[in-house]
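Residues per chain are reported as follows:
There are 2 protein chains.
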Amino acid sequence: MKIAIHGYGNIGRGVESAAMQNPDVQITGVFTRRDPASVKTRTGVPVYAAEDIRKHKSDIDVVILCGGSATDLPVMTPSLAADFNVVDSFDTHAKIPQHFAAVDAAAKQGGHTALISGGWDPGMFSLNRLYAQAILPNGADYTFWGRGVSQGHSDAIRRIEGVLDARQYTVPVGEAVDAVRRGEQPTLTARQKHRRECYVVAAEGADKVAIEQAIKTMPNYFDEYDTTVTFITQEELLRDHAELPHGGMVLRSGKTGLNGEHKHTIEYKLTLDSNPEFTAGVLIALARAVDRLSRRGDTGCKTIFDIAPADLSPLSGEQLRAKLL
Amino acid sequence: MKIAIHGYGNIGRGVESAAMQNPDVQITGVFTRRDPASVKTRTGVPVYAAEDIRKHKSDIDVVILCGGSATDLPVMTPSLAADFNVVDSFDTHAKIPQHFAAVDAAAKQGGHTALISGGWDPGMFSLNRLYAQAILPNGADYTFWGRGVSQGHSDAIRRIEGVLDARQYTVPVGEAVDAVRRGEQPTLTARQKHRRECYVVAAEGADKVAIEQAIKTMPNYFDEYDTTVTFITQEELLRDHAELPHGGMVLRSGKTGLNGEHKHTIEYKLTLDSNPEFTAGVLIALARAVDRLSRRGDTGCKTIFDIAPADLSPLSGEQLRAKLL
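First to last, the sequence lines map onto chains D and F. Numbering that gives the first Met the number 0 numbers the first residue of the first sequence as 0 and each following residue consecutively. Numbering that gives the first Met the number 0 numbers the first residue of the second sequence as 0 and each following residue consecutively.
Keep in mind that a hint or two might mislead.
Same chains, same names: a pair is fine if it fits in one copy or spans any two.
[Unchecked claim] Simulated pairs of lysine-lysine, DSSO-like, Cα-Cα distance not exceeding 30 Å:
(1) Lys322 to Lys107
(2) Lys39 to Lys54
(3) Lys322 to Lys192
(4) Lys94 to Lys322
(5) Lys322 to Lys1
(6) Lys107 to Lys254
(7) Lys56 to Lys1
(8) Lys107 to Lys1
(9) Lys107 to Lys54
(10) Lys39 to Lys254
(11) Lys268 to Lys322
(12) Lys54 to Lys207
(13) Lys1 to Lys39
(14) Lys254 to Lys1
(15) Lys254 to Lys268
The hints are simulated quantities; they were obtained by calculation from the structure and are not laboratory data. This structure is a prediction, so every number in the text was calculated from the model and none was measured.
Construct the entire structure; sequences and hints are all you get.
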């Protein structure tokens with residue numbers, strides 16, 4: 000399978016390294032909106048201008064779009080789905096139906112296969128919510144994120160006056176997780192589920208009290224959480240907070256029996272050193288499935304919900320049944 | 000969807016109660032090889048002779064087979080797959096390819112859809128092994144079972160002379176689980192992964208030392224494990240060990256990055272008060288998928304690997320994307 004990497008940020012670089020672990024995957028090139036001469040790939044994959052991607056059509060089975068969900072993917076995924084099989088990691092949950100409709104129309108018109116919202120949330124976490132609800136219809140779902148870096152929250156801190164750099168960690172509250180695991184089906188507020196740890200580099204002479212106050216009272220991002228703010232130097236940030244770990248867990252607590260007398264807990268937990276590299280691993284597996292669906296003539300937009308698990312694996316049905324079932 | 004329950008043991012009773020939590024599922028009847036007059040269902044579902052099931056054909060969309068894997072299912076699933084859509088929980092891992100071939104031939108000949116080896120292992124655990132391997136190709140898998148009752152091991156103890164009754168719990172070794180979670184990718188022997196707790200009711204005057212020795216040295220079942228044997232009374236067994244809890248976890252520990260510099264752990268964990276009732280929940284969701292595949296003309300034998308997750312859910316594609324993705 001020949002893939003194109005569209006966009007060379009954290010996820011694009013993750014796809015590049017993940018491809019090396021998948022012998023059936025070959026990278027045709029990185030396609031960038033920057034000057035191709037200014038981009039050097041980590042493994043020597045050739046770099047081309049994004050606008051030239053259609054010239055490479057015969058060398059691409061699937062394009063993996065590695066742009067941002069805010070402004071890039073809503074435009075780029077439908078545009079490319081008209082000419083290529085595509086996979087993206089669109090993660091604005093509220094706008095998924097709208098994005099799906101746009102990509103579905105473009106993919107069907109072009110006779111291509113698209114998959115949106117791949118990754119782990121949306122993605123593997125969504126899948127586990129679906130499986131768990133189907134198995135235990137009488138129950139409650141809980142999703143906890145972290146401990147991990149939230150790039151959106153880190154960006155929000157960086158926009159505060161006097162802040163040079165910042166890293167925000169989302170941390171699940173242990174007591175809440177334990178109560179869910181015990182099958183208590185608690186009702187939890189945002190504050191009871193997660194706390195937020197902020198590491199902030201302030202400009203020389205900046206008003207640290209004002210910065211801390213601005214963070215803690217920021218609507219939606221921080222005001223509903225217990226938030227700690229720690230000021231550190233730029234050197235400390237680069238030394239201790241350079242990585243992008245993340246993870247979390249999806250739990251479903253359900254009851255069965257004629258009188259709900261038996262409790263069950265399903266827990267799916269991810270502990271990730273590198274959020275973008277793990278996401279890239281999911282995207283490659285989904286690209287494999289998209290390539291197969293396309294070859295079978297199954298066009299239009301899909302999500303991870305529509306993909307039979309066997310299509311994600313390089314193994315044959317016989318091998319899967321013999322080794323993994 | 001109209002289902003038939005074939006066999007009324009623990010799993011059959013589990014399917015009966017799980018059906019009550021699924022408004023789209025209706026039970027046509029329980030089909031038994033015992034005298035139907037001798038079987039009373041918990042919810043008043045009618046009971047018929049297994050040999051008469053073909054008379055009810057027009058009232059059955061899917062037959063859920065709730066027999067044993069040793070002798071029942073290898074015969075019954077192919078036989079019924081010729082005339083019905085069927086789902087079973089065949090769990091003899093080594094014989095799955097053979098069972099698949101027999102059921103596939105019968106189902107295709109009859110134009111029906113079959114699914115074998117549903118449940119949690121094989122089943123949800125298998126699925127998590129597949130997903131995790133596809134996402135993290137460079138890694139190692141670990142499956143731990145328990146803490147839970149192993150019926151096969153309990154039966155093995157009951158066959159020892161002087162034993163009236165017994166319950167065997169399989170228990171994961173905490174140190175091994177912790178090492179896997181830390182990403183150490185340890186190589187583990189059977190003894191290092193699980194220990195076995197046995198609760199035994201001995202006949203009056205039986206030689207308890209000999210019984211304990213017979214258990215601990217039993218090949219395959221116990222000799223490779225650290226095993227504890229506790230003698231209790233029949234009353235204690237009925238009071239403290241009447242339930243069938245089980246569970247366990249599937250872990251994959253993998254590395255990503257150009258030099259494998261990032262570690263990741265995927266963990267899927269089940270904590271079940273009732274093994275048969277949880278298994279029944281999986282079987283009902285799979286029966287829903289089999290019914291849909293059959294209506295689409297997709298015949299032959301399937302496994303959980305072949306089922307797009309969306310087909311397990313009563314929700315529509317639109318609802319799933321809006322609510323769960």
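Hint by hint, here is what the structure shows:
1. When the C-alpha separation of Lys322 and Lys107 is checked against a cutoff of 30 Å, the pair qualifies only between copies, where the shortest distance is 24 Å, while the shortest distance within a copy is 36 Å.
2. Only within a single protomer do Lys39 and Lys54 lie at most 30 Å apart by alpha-carbon distance; the minimum there is 21 Å, versus 71 Å between protomers.
3. Taking CA atoms no more than 30 Å apart as the test, Lys322 paired with Lys192 passes between copies only; the shortest distance there is 20 Å, against 39 Å inside one copy.
4. Taking the shortest alpha-carbon separations for Lys94 and Lys322, only the inter-copy value of 11 Å comes in at or below 30 Å, while the best intra-copy value is 39 Å.
5. Taking CA atoms no more than 30 Å apart as the test, Lys322 paired with Lys1 passes inside one copy only; the shortest distance there is 27 Å, against 33 Å between copies.
6. Within a single copy, Lys107 and Lys254 get their C-alpha atoms no closer than 42 Å, and across copies no closer than 37 Å, so neither meets the 30 Å cut-off.
7. In this homomeric assembly, Lys56 and Lys1 come within 30 Å of each other (Cα to Cα) only inside a single copy, at 10 Å, whereas the closest approach across copies is 49 Å.
8. In this assembly of identical chains, Lys107 and Lys1 lie within 30 Å of each other by CA distance solely inside one copy; the values are 21 Å within and 35 Å between copies.
9. When the C-alpha separation of Lys107 and Lys54 is checked against a cutoff of 30 Å, the pair qualifies only within one copy, where the shortest distance is 21 Å, while the shortest distance between copies is 45 Å.
10. Proximity of Lys39 and Lys254 under a CA criterion of 30 Å is satisfied inter-copy only: 24 Å between copies versus 54 Å inside one chain copy.
11. Taking CA atoms no more than 30 Å apart as the test, Lys268 paired with Lys322 passes in both settings, with 23 Å inside one copy and 20 Å between copies.
12. Within a single copy, Lys54 and Lys207 get their C-alpha atoms no closer than 53 Å, and across copies no closer than 80 Å, so neither meets the 30 Å cut-off.
13. For the identical chains of this complex, Lys1 and Lys39 are intra-copy neighbours only, at 20 Å inside a copy versus 60 Å across copies, given an alpha-carbon limit of 30 Å.
14. In this assembly of identical chains, the alpha carbons of Lys254 and Lys1 lie at most 30 Å apart only when taken from different copies (23 Å versus 46 Å within one copy).
15. Taking CA atoms no more than 30 Å apart as the test, Lys254 paired with Lys268 passes in both settings, with 21 Å inside one copy and 16 Å between copies.
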